[in-house]
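Residue numbers (the numbering used here), protein chains in the order written: chain A, 58 to 204; chain B, 58 to 204.
Keep in mind that a hint or two might mislead.
The list makes no distinction among identical chains, and a pair is therefore deemed to hold if it is satisfied within one copy or across any two copies.
Calculated cross-link-like contacts (lysine to aspartate or glutamate; reagent style EDC-like; alpha-carbon spacing at most 20 Å) [stated by the list, open to error]:
| hint | residue 1 | residue 2 |
| --- | --- | --- |
| 1 | 133 | 186 |
| 2 | 68 | 162 |
| 3 | 133 | 99 |
| 4 | 133 | 171 |
| 5 | 175 | 163 |
Because the hints were derived from the structure by calculation, they are not lab data.
There are 2 protein chains.
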Amino acid sequence: MNQGQLATSLKRWGVRVTPQRLAIAEVVINADDHPSVQQIHERVSDQFPYITLATVYATLSVLGKQGLIQELPFQKQSRYEANLTPHANLVCVSCGTVTDTEIGEDLITTLRREVSVKAEFDIASQRVDFYGWCPTCPVGTYQDGSR
Amino acid sequence: MNQGQLATSLKRWGVRVTPQRLAIAEVVINADDHPSVQQIHERVSDQFPYITLATVYATLSVLGKQGLIQELPFQKQSRYEANLTPHANLVCVSCGTVTDTEIGEDLITTLRREVSVKAEFDIASQRVDFYGWCPTCPVGTYQDGSR
DNA sequence: TTTACTGCAAAGGGTTTGCATGAGG
DNA sequence: CCTCATGCAAACCCTTTGCAGTAAA
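The whole structure should be built from the sequences, with the hints applied where relevant.
Here's what the structure looks like:
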């Protein structure tokens, strides 16, 4: 999604299009590391040195309600992603990275449909996380140094 | 799991077994509503009127590290559950309830194995959430009253 | 007896809110 | 022009930390 499509999507909901919002949305859409609010704020600060965290929070809330991005609450803070298609997140409990994987996307889509039908649950979105150790981290270690 | 098994599990890790810990663990294990820390504190307060939130937090942290319970961070606060088998949580964005479903458990188990092998990711646990509207809530409504 | 847990109080920090100014439509 | 977004500051509240007394082993 580019800024043109983005602006159209925002206008459709009667939401005001501002340069800050476009920049924040672009940062999240182009990010592949599930950035935190702090990280998003840092990256947007290149273009808008005086932008505040409050503005970033407000914009992320708007984008979330538009269904353009998804908030992923973690224990310490939330992270954000723009990949709304059914997929799994790989969360390394050692180095803290969060990466998307395409593996099993069809299974998740099937799962979603099955749950929707059998549980009579009207699904708007989903979150699939796997917590463990990525290939480069020693199994059994944790981000806080414990084991 | 009863308190005897629980005590054994705690002792195995050199963790001290106290009445408060047993009570907190029992509350989480017997709960089917994914209670918050506040709710767990309230329920344990019946037995221990002077117990504090700090103790509840500390105990939940211990139980989590033992792999007896799982913390589920949400936007407002965390909830806890003792069902660690692969399953999906149904999160109603209207009434706020979180319920486990057995539907698709085999799919999730298959998914986990596939991701583990193909992504070379050593998985310790997982979280599968579906966000939407339960059968008794009007589709399109939200907990904060917006739509 | 030793070590770790509990209860209490205070601090920490991510997130939200209130308000005056400024920009979008 | 009118409404809403931004920037700034303060408040909010969940969660963590420090410490003295106490209970587990």
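Status of each hint after checking the structure:
With identical chains, the CA atoms of residue 133 and residue 186 are at most 20 Å apart both within one copy (16 Å) and between copies (19 Å). Taking CA atoms no more than 20 Å apart as the test, residue 68 paired with residue 162 passes in neither setting, with 31 Å inside one copy and 41 Å between copies. Taking the closest pair of Cα atoms, residue 133 and residue 99 come within 20 Å of each other only inside a single copy of the chain (18 Å); across copies the shortest separation is 24 Å, beyond that limit. Within a single copy, residue 133 and residue 171 get their C-alpha atoms no closer than 33 Å, and across copies no closer than 29 Å, so neither meets the 20 Å cut-off.
In this homomeric assembly, residue 175 and residue 163 come within 20 Å of each other (Cα to Cα) both inside a single copy, at 18 Å, and across copies, at 15 Å.
When each numbered hint is compared with the structure, violations occur for hints 2, 4.
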